[in-house]
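Asks: Taken in sequence, the protein lines are chains S and U.
Mind the numbering: the first sequence is residues 333 to 936 in our numbering, read in order.
Mind the numbering: the second sequence is residues 3 to 338 in our numbering, read in order.
FYI, nobody ran anything at the bench for these hints, they're computed from the structure.
Just so you know, these numbers come straight off a predicted model, no measurement behind them.
Note that beta-carbon positions come from the ideal geometry of N, C-alpha and C, so glycine has one too.
Hints may be right or wrong, so weigh each one.
[Said to hold, decoys possible] Computed list of lysine-lysine pairs in DSS-like fashion (alpha-carbon distance at most 30 Å, straight line): (1) S:Lys742 - U:Lys81; (2) U:Lys333 - U:Lys147; (3) S:Lys350 - U:Lys333; (4) S:Lys421 - U:Lys81.
[To be verified] Below, a sample of chain S positions facing chain U; criterion: calculated Cβ distance under 7 Å: (5) Leu371; (6) Ser388; (7) Ala571; (8) Ala640; (9) Gln696; (10) Leu750.
Each chain is listed here by its residues.
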Amino acid sequence: MSSVPYSIDPRARELIPKSKVLVVGAGGIGCEVLKNLALSGFEDIEIIDLDTIDVSNLNRQFLFRKEHVGKPKAVVARESILAHNPNIKIKAYHDSVLSSDYGVNFFKKFSLVLNALDNRTARNHVNRMCLAADIPLIESGTSGYSGQVELIKKGVTQCYECLPKPPQRTFPGCTIRNTPSEPVHCIVWGKHLFNQLFGEDDPDQDVSPDAEDPEAKLDGKNSVTDSGNIKRVSTKQWAQDVDYDAEKLFNKFFNEDIKYLLSMENLWKNRTPPKPLSWKDAQDLVTDENTNNDSSVRAVDMEVWSIAKCSKVFSESINLLQHDLKGKSYLVWDKDDKPAMDFVTACANVRAYIFSIAQKSRFQIKSIAGNIIPAIATANAIIAGLVVLYAFRLLVEDYEKCNSIYLRPKSVHSKFVLAADKQLSKANPNCYVCSPQPFVNVFVNVNKLTVKEFETELLKKHLNMVAPDVVLDGKGVMVISSEEGETEANNDKILSELGIVDGSILKCDDFLQNYELTVLVNQYEAVEKDDPLYKVVANPEELKAKESKKATENGASEQKEPESDEDDIVCMESNTSEDPQEGSSSKRRKLNEDSDDDIVEVPL
Amino acid sequence: MSEKQLSAVEAELYDRQIRLWGIESQERLRAANILLIGIRGLGSEIAKNILLSGINSLVVLDDGIVTEEEQLKNFLLSKDSIGKKIAEEVLLKAQALNPLVKISADTSSPTSKDGTFFEDFTIIIATGLKTDFLLKIDKICRSKKIKFIAGDVFGTFGFSVADFLNHEYFEDQVKLIAKKRAHDGTETKPEKETVKVKSEIIYPELNKVIILPNTKQSVEHIKKVKRRNEYFFLMLTLLEFRDRQERNPDISNKEKDIKVLQEIKSEILDLYGIDQEKLDDGLLELVFGEIVPVCAVLGGVIAQEVIKAVSLKEAPINNVFLFDPLTYSGKEETVG
């Protein structure tokens, strides 16, 4: 007796029990895919996932239960499948797929790879591994009611990196520190304040007024002293000196600092000036309804707190966080840690009030601060069903019948709930990953950027290499080696010191990904205040064409982005109307520091 | 705190979906009492999804016995279940999916139930039923203002048919609103705000939607629509097959069953005045057995419709959903 389905290609029926399949990710889609594989007669499955189980997974990741919270997803998923059918061979790895333990030979063991991932870094990496191993990959994703399934096969379809993805949303430092105009600016500020008071030191997350703001000294004469930022030992040291006295902290951040901001008069010529708020005055800002003692979910999470309540929560959460900090060198902000989330809610709303920006509920602020993507069981079930239907077809190399399919919310004007493309998406001939000779232009300041920055920001974070070796072409200079210690002396050198100048060619090789990339270096200096630190573009023609449209489009890509089931990461599409390009600092702030790209990805 | 309000535990458990459909929808789901008829491949998928969503109660009605094959294809069953009553055997694993939902089993035959049995539910979901019985339940549902959805999977083909009566629902629309007054009377900057927009869909009775040969009913209202999705007629063919044979097409009887299906297909196409070529005979090869990933797709679609029907949030499918057995796309079709 077997559970291999009828009504599919008879050759596929034969291959199903013999084929080895890799599932990457045991989250919302991963659980569903594993179930479908096991119930369709697949007998040799491997599953890899780095994550552990959280309560908020249980509304859809049905292989897990409450008693599994905190355990590794891959391991529990395996046990759950075996409990239904002990005859299946299933191997679980509680590990990162980016690890060098999973090289091209590991991928070559499989007939198929099924992605059920939640972040771009891992998707890029598995894409490259499958291209290198020449194994068909099914990429999938959901976000709320929507989702999609897509085949990636070397030489047949486009790869995951053929089209540039929309960059993550970032905010100029001055907007955060001086001139917030949207709730999100206040929320980012609140998270930064958390880190300043309780977190690891990060000078990029300063929350105090920024007197270096060029806009503040537009007419040449500084309205404030040249000393720039308010001098103090450090925010954290100062907070410790006053023993985290909530009233003193409140007055500092919401009264004195705001008064200082007001002294930068230029900022307020065309803006509503902020209103400094003292602790004492905040106590009078109560709302009509007396919801302060109501502890229901609605009252605590859904209603917008009065400013008096914010100040109360501010004080209470600081006490708890100060207590948590004892014996530790710093705290890490976590949206699921109650006092940490309460603190950001209170701070964001008080600041929003001061700047006449709409205040938000704790629930709404959590979505923004924690980058939460909503996720439901039904969309995952539908997408995972399609993934495994395509898996049947891929076993018999029926690639032409695996066009991308999109799950749409019903409200879209079309009869299609599941819309299939008419044909496979063709590879981009200039793709810097899957074209025969991968090539890319980078625009950097060769007189400023260090080798280390080039490696971490460009090669690793932007171009998604894991362990690159870099040689300066023509001169044979080893710039970066993946062997530990070999090129350490180069780390702090400026690119030009090693002879890397405008027009230089770098041969970058990632042994793990079996990926060789030729990089043409172009000298570039940031001119405008919001110019990026560097740019990367596969085809220089694209750059010219896009730049002329830059003002209106802001680089929003038309490509359909495979969405994430999970909440760990979000790639917000850039949107001109939501992202006012004011402020001046070359440092731009990101919403979420723990996401995959720490540096600005430039809309090109 | 009233019973109607969500507890902190529920808010945490359902967080990722409340962020999508809102707390009011979650409260409506929490009040829903649902009957599911048939807990085989498709039924088990629907059950999983609606249990996870956080309804109040689920009654599973199925008089079947677990076969070895059924156990292999149904994740709610274990090896020990073989030979026992399926409705009871799914309870353990179904309950584990969501300990907050009240689940019970009924192992009697659906057709043995008298009308009053069906009256206590918010919505009824049916799989694997014959047409006359579907229409009978729909009548009862209509008289008691109960919503109804039925669906089936035949091989790589699947469909659903819904009767949500006069269904009023809400959708969120993003609007730019002008200045708003803050606590102390100062004005805030314009902001995007979501507003609820109310709409209504009026569903036809199922006996205006599912019309088979020999029912002596007019099909003019269905014929009127040009370019009808041809899979609607595949759906009718399979329903008529089940009505006549009292079973689904069976792979061990493949040749004979395909012949019967061909005959029924041509009768149905004649009834609706459709060219015989419109529905390729090759499709009839694809309708054998319940294919698990197809059940997953249909189970997802049907459960999502149930969630919409109960929560009154988002536009539901109106009123037929047809899954393409060749391209795996899925379309809605308004029939009746």
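Asks: Does each hint hold? Answer for all of them.
Replies: Going down the list of hints, with the structure as the test:
1. Distance check on the hinted pair: lysine 742 of chain S and lysine 81 of chain U sit about 39 Å apart at the alpha-carbon level, beyond 30 Å; violated.
2. About 27 Å separates the Cα atoms of lysine 333 of chain U and lysine 147 of chain U, which keeps this hinted pair within 30 Å; it holds.
3. Proximity of lysine 350 of chain S to lysine 333 of chain U is assessed by CA-CA distance (about 34 Å); at most 30 Å being required, the pair is judged violated.
4. Taken as a hint, the lysine 421 of chain S and lysine 81 of chain U pair is honoured in the structure, with Cα atoms around 17 Å apart against an allowance of 30 Å.
5. With its C-beta approaching chain U no nearer than about 4 Å, leucine 371 of chain S sits inside the 7 Å limit, and its interface hint holds.
6. Checking serine 388 of chain S against chain U: minimum C-beta separation of about 5 Å stays under 7 Å; hint holds.
7. The beta carbon of alanine 571 of chain S comes no nearer than 28 Å to any beta carbon in chain U, farther than 7 Å, and the hint placing it at the interface is violated.
8. Given hint, alanine 640 of chain S at the interface with chain U, is violated; its Cβ is 9 Å from that chain's nearest Cβ, farther than 7 Å.
9. Contact between glutamine 696 of chain S and chain U, as hinted, is not supported at the beta carbon level, the nearest pair being about 9 Å apart and thus beyond 7 Å.
10. Contact between leucine 750 of chain S and chain U, as hinted, is supported at the beta carbon level, the nearest pair being about 4 Å apart and thus within 7 Å.
Consistency with the previously given hints fails for numbers 1, 3, 7, 8 and 9, ordered from lowest to highest.
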